[in-house]
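Asker: The residues making up each chain are set out below.
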Amino acid sequence: MNDLIDVLDIIGVIAFAISGAMTAIKKRMDLLGVCVLGIVTAVGGGITRDVLLGNTPPSVFKNPRDVSIAAVVSCLVFIFMIMNASEHTKNPSEKFVEIYENILMFSDAVGLGAFTVIGIDVAKKTVSDYNTNTFLLIFVGVITGVGGGVLRDIMSGMIPYIFKKHIYAVASAVGAGAYIVIDNYIGRNTAIVGCSVLVVVVRVLAAHFEWNLPKIKYGE
Amino acid sequence: MNDLIDVLDIIGVIAFAISGAMTAIKKRMDLLGVCVLGIVTAVGGGITRDVLLGNTPPSVFKNPRDVSIAAVVSCLVFIFMIMNASEHTKNPSEKFVEIYENILMFSDAVGLGAFTVIGIDVAKKTVSDYNTNTFLLIFVGVITGVGGGVLRDIMSGMIPYIFKKHIYAVASAVGAGAYIVIDNYIGRNTAIVGCSVLVVVVRVLAAHFEWNLPKIKYGE
Amino acid sequence: MNDLIDVLDIIGVIAFAISGAMTAIKKRMDLLGVCVLGIVTAVGGGITRDVLLGNTPPSVFKNPRDVSIAAVVSCLVFIFMIMNASEHTKNPSEKFVEIYENILMFSDAVGLGAFTVIGIDVAKKTVSDYNTNTFLLIFVGVITGVGGGVLRDIMSGMIPYIFKKHIYAVASAVGAGAYIVIDNYIGRNTAIVGCSVLVVVVRVLAAHFEWNLPKIKYGE
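Protein chains in written order, with the UniProt record's numbering: chain B, 1 to 220; chain P, 1 to 220; chain F, 1 to 220.
The shape of chain B in the complex, shown without the other chains:
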């Protein structure tokens, strides 16, 4: 029954761990810092979700799987960078920085999609009458989706993606809204797969084409 969500959870954990580890490397943290930021990014959204829904202690505390996966993935990212890219990182070319940022953006988008969907799914299961409260479901989905990345960015001293990057929150909200429609009219499994993919597609397209909303130039 829950297999699909379990698979999605593992995909999300891996993707967010990669984005956390790569951010930590960029910020010149050592191997331990890289692992810690990988773990925080991977489990931060889920902990936030469970605290908000009153599921305490959060599920990630009850089972070492997610933390272990995030730690291993972070170490692998670190080892890969040491072995394959140490020349590039010392004196990164423009090309290298671009590829690095693209992988970071893509892994973040996959995590965003996976955790948005998991957030809604958990919210629906927590209390039955949530089914009727679309607003709550979407809100929990978006917070779960963006939570890990927000923690990652705040803890590494940056303004979170969600405030700066191409329609980040909208990608998550669109996916969350679509989930509820598809779940109602087609089915849960289609909603799970379709909406996580939808979030990634919207976010990657937005980043690629640099879809931006208008901005006020303050002070320049």
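Simulated from the structure, these hints should not be mistaken for laboratory data. Be aware that a few hints might be false.
The list treats identical chains as one, so a pair stands whether inside a single copy or across any two.
Restricting the straight-line Cα-Cα distance to at most 30 Å, the calculated cross-link-like pairs of lysine-lysine (DSSO-like) are [claimed, not checked]:
#1 Lys-26 - Lys-90
#2 Lys-124 - Lys-90
#3 Lys-90 - Lys-217
#4 Lys-164 - Lys-62
#5 Lys-26 - Lys-217
#6 Lys-124 - Lys-26
#7 Lys-125 - Lys-95
#8 Lys-27 - Lys-217
#9 Lys-90 - Lys-125
#10 Lys-62 - Lys-125
#11 Lys-217 - Lys-124
#12 Lys-90 - Lys-215
#13 Lys-124 - Lys-215
Start from chain B and add chains P and F according to the hints.
Answerer: Okay, now just chains P and F, sitting in the frame of chain B:
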């Protein structure tokens, strides 16, 4: 019965949304970032309060009113700035910056006052024997009052007002303490109105006269 | 029965309040900012722990003791600095900065040790079958231990110690693991004293000998 708190909540949401949106514009976020920061500032304190009191999911999740108001207000701030002040923002004069900062300070003060009072009120209702625990009531009031602004500042990469600005936390604590006295001896409605106004007055006076506590000059 | 944990709690609160106050002074906050950061650092880890375990409202809200101690200690640090070190702080010599940073590191280490142990102890008491879930106990211990310092650093605009400093998270995890072994085979009191000391020793040795894990030099 709850009408007065409802009115105060709407006032607080509008005020904090304005302060969040204006901070986001200053930090050159786009329209979506402006809305997200407006929402985070407006609902952040209340979510923190509900999580600390064990009211999960937080009330703001159950009713789209506050989030909707915050989003609309943030957009209106953005549109107003585009239409009336885009010349000023590009090359802000000292005068413009001063007015901008004063509106920001004032809207933040109104939010601080409103949410301090709402925080105590919710804490009192949550468990009856809280009535006897003055410390808990004041603590929850202050955290609810300052929570939205702390999130706003951390997420936009600044050291929160509460650590830097003229007796910020004291204004909230004074109002919280006064609430409990007035509520006991005069009545709830007087406490609600009187104390939210008191917080704003103390905070605005402190900002205007630059009341500062002593400081140690480290490294200069 | 709980005397030992109470003593440890007071030690931890004092130590973290010192580290928070000293960080605030370094960041040129005024007396109120110094007190607020001292309090946040001292009670932040415990609040995080209680929210994660569902103990709401957190214990620190129910009893003004910890907040009062943290406020008094922060003020004492401030007064001491004004009276004994105001010459040094204006134009700090290399020697002064080194001593300052060492006291900061040591008080942070004592808080880390105390709260790691308290975190496990509270987690064990909260639900009986936690006894069997070693992972949950260690995780809660580490989060309680590092929580106050993470909040302190984020709120003062720095990347938290946990990501940058010599095996910070490992010191806490080692102590947490040792607690569970000693508690099982020798006894609770030995575990409480032994493991808080162990965390401090590991952390101080790591800082003194600058034990570092490898790092990737990105961009230089």
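Asker: Against the structure, test the hints numbered earlier, and report the numbers of the ones violated in rising order.
Answerer: Of the numbered hints, 2, 6, 7, 9, 11, 13 do not hold.
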